[in-house]
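Enquirer: Position chain W against the provided structure of chain R, taking the given hints into account.
From first to last, the protein sequence lines stand for chains R and W. Per my numbering, the very first residue in the first sequence carries number 45; after that it's consecutive. Per my numbering, the very first residue in the second sequence carries number 334; after that it's consecutive.
Be a bit skeptical, because a hint or two may be false.
[What the hints assert, rightly or not] To give an idea of the chain R side of the interface with chain W (calculated C-beta under 8 Å), a few residues:
(1) ASP163
(2) ARG167
(3) ARG359
(4) LEU389
(5) ALA431
(6) ASN483
Worth flagging that the hints you see were computed from the coordinates, not collected in a lab. Ideal Cβ placement from N, Cα and C applies to all residues, glycine included.
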Amino acid sequence: MTDFTLDHVIIAVRDLDAATADFAALLGRSPSWRGEHPQYGTRNTLFRIDNTYIELLGLGGGSGDPRWSGEIARFLDAHGEGVYALALGTSDVDATARDMRERGLEVINPADGEGIDIDTGARREWRNAMVSLKSTNGTRLFFIQHKSPVDALPAAPVVAGEGAHVQRMDHAVVLSADMEASRRLWGDALGARLALDRTFPERNTRILFYRLRDITIEISGGAQQTEEGLGKPDRLWGLAWGVGNVEATCARLRAAGIEVSGPRRGIKPGTLVATVKGEHAHGVAMLLIEHTPESFKPESRQPHGEAFDNTPQSRAFAVKALDHVVVSTADLDATAATWASTLALHASESLQPEGAHFKLAKLPAGNAFVELIQPLTADHRVARTIAERGQGMYSISIEVDSLDAAVADLRAKGVAVSEPEPGIWAGTRVARINKSAANGVSVQLIERPKAPLRSQGQ
Amino acid sequence: MIQKIHHVGVVVRDMEQAMRFYRDTLGLPVHKLETIQEQGVRAALLTIGNSEIELLEPVVPDTGVARYLERKGEGLHHICFQVDDVERDLATLKMRGTEMIDQQTRIGLAGRICFLHPSAMDGALVELCQPLDDGHTS
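The following block holds chain R by itself, in its conformation from the complex (with noise of 0.2 Å):
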């Protein structure tokens, strides 16, 4: 298993001067390093806030390697600013390339670098490792290992007041078209840890979560996978940044000329976001999130926890309710006894049907009832369950409207199900689904008299 830090995100800018005074402002704090990278070309300004750092990347500080001056100008030119790439923290970049490449992913050989800061003349020391934009849909990533100390990158002086300036990342939005290819990069091949996959069908949106220790990785698609999408590359969107205080934050921005919306309820259930907005975003989508207590209860993952697609597929037939849950025991009464004085569930009925090779007990538990049954004859089907998986859950029934027409529809679509019959309990009619049909859950579909008799239940 990996274990990566987001260890910094690269914004690429066209005029570093303005966009340090932008971040500056945003961030309510000064530059931890403004510095040069003479074998690449480029200059930078770089901010470490509590939980990761901040580099705007700009072109000029000498030639260079055009591997990384040429591919920021392509990408300023094609895109414009924005979020470059993300950088990924180990502390081995070279074991990493090797674990990487076995995962599939097209990693350029690791390269020793180093920065100057322009001020204090001060060097930081890294061992860094690109991955092909093939093998990451199109996003820019890397490996990074630091070889200098982490305080050789100073935090960022914080000049705003109390709980207005930005303390961490919150979480980075990529923009995904194709879900499963970013799945297998992040999962599969970095090894992330997947914390939420949900679907909001009414905005058509399908969302992601990947922890990178406490940074989300936000990929962000449509509820559908659409067959244009399949193949077309990602992008990197936006950025969430965590403040203490998003009222106060706002009232600071917009005092600084900084353009912003709300404060309004996040989704997440105790959160508090506003969106900043124009050119002092330098083309990140950015959000200010502010945390308070209720939004880390592991309770609000609740409504936060969605996920999927209720796709609309016609039916002959409606399932009512789950009727009742079968438990197979190799003795009843004992059973029986159990359950009563364990769980207070105690028989209302017990039968043994004529001629028939088991005997029952119902167990009524509000909504439903638990059926005890215990086979009598070492052939019944109960009893081979037993032999093979041993005694306890055995099987469900699931009230349908209509058996007949349950029964017709599931064989349409290739469902193995018996033919109707009369069912144990009175008045009852029953089916089998084969349980090879539903992931090894023997199912019974179960129609009942139609009122006023029903014998469900107390």
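Expert: For chain W alone, kept in the frame of chain R given last:
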């Protein structure tokens, strides 16, 4: 005090494939899909009447669900009963010497939960849950 059958848990090898049967063929609407990293599972909750079916796909090896899949294959895994006070029920069960998997309640997909040990229930894996206040079907 048991109020109802909250859900039954089904272990599946491939969530997408399982969805094709439970969601698409049976028409049970999914109302939650989430990866719970601490438990190493991707879980989907599908509504069935006033109960639920929980599909569980192991995403990391060597968890309870992953071992179940390896040993027994796909299938019906557990039954979860909704109770009005899970802390009190757990305390009562422990006091009576019922063997528990969880010695303390914890937060799961269904709310505050605990699992009894299957040996306490003649082989059936039973979960108790007390849904949290927000939104969960109950």
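Enquirer: Restraint: ARG359 (chain R) near chain W, CB-CB cut 8 Å. Satisfied or not?
Expert: Holds, about 5 Å.
Enquirer: How about ALA431 (chain R): closest beta carbon in chain W under 8 Å, or not?
Expert: violated, 13 Å
Enquirer: Against chain W, run the beta carbon of ARG167 (chain R) and see if the smallest gap drops under 8 Å.
Expert: violated, 40 Å
Enquirer: Would you settle whether the hint for ASN483 (chain R) is holds or violated, based on the nearest Cβ-Cβ distance to chain W being less than 8 Å?
Expert: At 5 Å from the nearest chain W Cβ, ASN483 (chain R) passes the 8 Å test, so the hint holds.
Enquirer: Does the closest beta carbon of chain W sit nearer than 8 Å to the beta carbon of LEU389 (chain R)?
Expert: holds, 6 Å
Enquirer: Under 8 Å is the threshold here; is the Cβ of ASP163 (chain R) close enough to any Cβ of chain W for the hint to stand?
Expert: Violated: closest Cβ of chain W sits about 43 Å from ASP163 (chain R), beyond 8 Å.
Checked against the numbered hints listed earlier, the structure breaks hints 1, 2 and 5; every other hint is satisfied.
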